[in-house]
Amino acid sequence: MITKLIFLFSESFRALFRAKLPAAISSITIAIALVIFSLAYFTYVNLLGYSYKFKSKYRIEVFFQPEMELTHARDLFNTILITEGIEQGEFIDKEKAAALFTSYFHEDINEIIGENPLPMGGRFDISRDFRSAVQMQEIVRHIRRLDGVDVASFQHGVISRVDTIVENILGVSMLLGITIFIIAVILVSNTIRLIIHAKQETIETLHLLGATNAFIRFPFVVEGLIQGLLGAGFSLLILYLLRSLQTYMLEPLVKIPLVEPENLIVYNLIFGLFLALIGSYRGISKYLPK
Amino acid sequence: MIKFENVTATYTEKVGIFNLSFHIPKGELVFLMGPTGAGKSTVLKTIYKDISISGGELFINGEDVAKIRRRHIPNFRRKIGMVFQDYRLIPDRTVFENIALPLQIEGESKKFIRDKVEEIMQKVDLEKRRSNYPSQLSGGEKQRVSIARALVKKPLVILADEPTGNLDPNVSDEILDLLEIATDSGAAVLMSTHNFPLIQPRKKRFIELNEGRLLNS
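Residue numbers (our numbering), protein chains in the order written: chain A, 75 to 364; chain B, 921 to 1137.
No lab work stands behind these hints, which were simulated from the structure alone.
Among the hints, erroneous ones may be present.
As the list claims (entries may be wrong) - Keeping only pairs whose Cα atoms sit at most 27 Å apart, straight-line, the calculated DSS-like set for lysine-lysine is:
id : chain 1 : residue 1 : chain 2 : residue 2
1  : A       : K78       : B       : K1036
2  : B       : K999      : A       : K78
3  : B       : K1043     : B       : K1031
4  : A       : K78       : B       : K1074
Hey, can you work out the whole structure from these sequences and the hints?
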């Protein structure tokens, strides 16, 4: 068994070196598929990052009834703070409210009307999973039902618009990613199938000599996996060059803070191996008896 | 060793072999004669189970071929040595590697393979060609490699499908000599040919087919 395995592994490597050109074609096909997929993934991650960044500014503003006592107002603020979907909050007492008024209108309210009629309240940031118009509306409804709350609101119109735009962009990029992946699987499968087609006679001969399907399949699959690894290597090299080019050519002109997906190397290796595995398995299966 | 009892195997209603009965004992070389389309290759294909029989019984070394399950076919084929008109050598393997292939399929050790292949290469006079690739060999040499590959695992049955079809008369005679030598180890050899002048001087038994039916056995 071990002798057979050693033979099959050595056969896989030898086959790769014997047919350098087909192996190179296959690896390059995998690399191209991975580069396109990685770029789509890169775009997706960055869009997601930007949407999270934008959505982190979502907040609900609450105004308490004007005549409320400070202790009561603090209790109410704390009650709102523990509501599901609220991440953190800032208590606005009368002084802070006056300061805010000044910052917005450049006037002192005490000087205008001789007293401070502004109500106490709070500004509340939303937890990441609740940053949508629908969920925020639910939170606002809950807050409005609390005793002592006068007004609770958020920028519903703007947020629901942003939600729609982000959902559309992410949906399209997800669909694009899936399409690219399916095309890549078909492309790689067919390339490997063409390469295997050239070895059809060898496969038939091996059958006649009493080789099992597993014996015939094994070197092709291992060969495919090696091509997958090489493809992933090429892909990472191309991505590195593209990133360097982007830094060299675009960064001096426009500063775009881009997020590099953490596991891009691992994903490239996994997808490269996966593509090659599906490709070689599908390719060889066509020439093996059922 | 090879026993056909009223065997029928058909591709279509009128194409195939019909009610064939013959027996080839251990250590005998028998020629399968007939014109193109007579059913010679079909007889060989039924033996190595490339096509299934639809009637009768076929035994190889006492084993009922019809009862062999699909997943056991590779194992069954390892007991048979096959020689083809077009040699069927693996183009990217050397002479040594081509001959060693059946033993590698069996999972034999490196030393065992080396010893056996050396022994058989000596027998068929291919020692000097051990590192050559099939494209560097003449037709006769290719067929010797093919025979060496069939003999290396000491099979019970050797099937040769028109092995001299692409060779000139002198080389064809050498190939027949090698197949005759194979019977020394007890193998039953069945060789198909349509070249009667080639086999006539050998004074061996032959089975004659025409349109899938036995004419003479």
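List of violated hint numbers, smallest to largest: none
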